[in-house]
Amino acid sequence: MTMFKSMSKSARSTFTTYAMVVVAYVIVQILANGGMITNSLTGQLVPICAYICLAVSLNLVVGISGELSLGHAGFMSVGAFAGVVAAACFSSSVPNDALRLILSIAVGGGCAAIAGFVVGIPVMRLHGDYLAIVTLAFGEIIKNIMNNLYVGLDSAGLHFSMTDANSLGMSGGTILINGPQGAVGIEKLSTFFAGFILVIFCLFVVLNLIHSRSGRAIMAVRDNRIAAESVGINVTKYRLMAFVISAALAGMAGALYAMNYSSIVPKKFDFNTSILILVFVVLGGMGNIRGSVISATILTILPEMLRAISDYRMLIYAIVLILVMLVSNNPTLKGAWANLRSRLRGRRGRPKVAAAEAAGDAPEGGDSDE
Amino acid sequence: MSRVSEALKPNTKMVPLPSDYIVPERDVNEIPVLECRHLGIDFGGLHAVEDFNLTVGKTEIAGLIGPNGAGKTTVFNLLTKVYAPTRGTIMLDGQDTAGMSISRASQAGIARTFQNIRLFSSLSVEDNVRIGLHNQVHCGMMPGIFRTPRYWKSEREFHEKSLELLDVFDMSSYAGITAGSLPYGAQRRLEIVRALATNPKLLLLDEPAAGMNPSETADLMQNILKIRDQFKISVMLIEHDMDLVMGICEGIAVLNYGKIIAKGTPEQIQENPQVIEAYLGKSREA
Ligand SMILES: Nc1ncnc2c1ncn2[C@@H]1O[C@H](COP(=O)(O)OP(=O)(O)OP(=O)(O)O)[C@@H](O)[C@H]1O
Ligand SMILES: [Mg+2]
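Quick mapping for you: the protein sequence lines, in order, are chains A and B. FYI, the numbering for the first sequence is 1 to 370, going by my numbering. FYI, the numbering for the second sequence is 1001 to 1286, going by my numbering.
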């Protein structure tokens, strides 16, 4: 405990986030071993992990880098199908399941990173609403490419086609991705433990990045682009960095997600999924990584919990969403909460800035230095 | 041969060099840190800055004054490459800055503060300075994510250097505070610290005393002198507070409607009838 207190504020917050995830994992694992978790919830464990990773990675773009991206499911999709293909390719050469899963997730992440880079270069020329709309468009483009992608594997290696399965020119072998039908016969490699490790990995990458030189540059660009440029930061480089890392992590999550099912269709990764992930981020708080973890978990479990009242399930889900949004954005409640926290903590540390100094109010000069 | 004859063509346009090359005596043997020649920019039909010729010496404190809307901030935006000039050249320490981006200009040695404060307001005071140190301390993305020894070394360096810089303005006790919650005067000082962190040759201050009370302004004057002496850099400042300008500037240029109407020492500027009419007279009345 004393060690915990001696940590800096940010280190303490980071520690809390990891601790929360580990404790949650252990509790769920114990409950599952005791048979105290319903089957439907057990089936949700890997998707929950995937959604946490997606929310954390999207938060890197939306909250940390400050760009509204509406095409996150596209990178998830690239990672999912690349991961599935990789797993099939490695099936004979890498007999160890865990190792094959790691390699497939890495391939999924790598391919999504490339997609992120290709999409990012034109997107980074834009800002604000325009950027949001173009990412949305790219998300749809990726979905449509996946809808028309045919991949087969035979003794000669991989075959690709964008027209139909026949044009793959296969001699025997199996069709891995069959256009709109997606991937079938996926080997179910993902486990809850793997999901837990991937969540820790995503947190590790994003939290460490935030507290490094590169992460500070990303946040500087978010807070004030002109000022960031004026201190010599290459704005495009750091915006692109956040975008590509985010895409890579989304691709890894996509691979984990896909290998939890025996088949998966490209339609799964559409605009609705992008919005779902965005809802996790907004609800958990922009730039609040721990918030993303919590909201992704709760909002993935909630519809399952509400299954009993199946007819009203989505209605209640929507109402809960609206309530949480209202509560978390209410200044009165926020103030009360902050008050309570500071009272609980007592008057520890925190140098108070002399109020007298605050007297000189900001005169509004011309806005001409834009 | 043909080249010579071309150069001697009778209709070759001759360009006068800035004749009024004034810098402090101690700087005359050095390359000037800033040399603007025939600098100009148009916004549509408006000549916001026209034929701007100015030289700033290596350790000079120069002032740029003029009535509201004269084009002072626009000059700073030209120098820092926020705007590309329509005409003219800017030499920074003997290097032509044509075609540079804002961040390249910063790396070439020019730093600034903004008339409307532009801090990274959601980040801490120390982080603001660390971001200013971006090109002084290096650590790539991968070492940062995987926390190699390189990362820890760079973070230590960031921490030490930023506290050292904050100490210039006695602000190191504010290091952990969110920049946006600082009082106004302290925000202005933090902007100067952040600019200094980029290790500039020339520091541009856009109305550094705006919104400060007289005692804060007096401290600021001392601090600007201290910065110049300690960091051996040039400072160019825009300011409406005449006590500050006349008190610390060695050379002053007066801008009106985008044109320089007078240049000289504080004494010369104060006596210049054109300046009195265009600027001092009016602002006294206002
Ligand atoms: N980006 C722009 N587009 C069009 N006109 C501009 C732009 N920036 C500045 N101007 C115009 O150029 C002129 C000079 O503006 P500038 O901000 O440089 O004045 P200033 O001397 O800094 O004034 P102040 O003392 O009020 O800060 C003004 O008429 C302004 O409206
Ligand atoms: Mg101005």
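Some hints could be false.
[Unchecked claim] Heads up, simulated BS3-like pairs for lysine-lysine below, C-alpha to C-alpha not over 25 Å straight-line:
id	chain 1	residue 1	chain 2	residue 2
1	B	K1153	B	K1226
2	B	K1161	B	K1232
3	B	K1259	B	K1226
4	B	K1161	A	K9
5	A	K268	A	K188
6	A	K334	A	K9
7	A	K237	B	K1153
8	B	K1201	B	K1232
9	B	K1153	A	K9
If you're looking for bench data, these hints aren't it; they were derived computationally from the structure. What you are looking at is a predicted structure, and each value in this text was computed from that prediction instead of being measured.
* Which of the listed hints are not met by the structure? -> 1, 3
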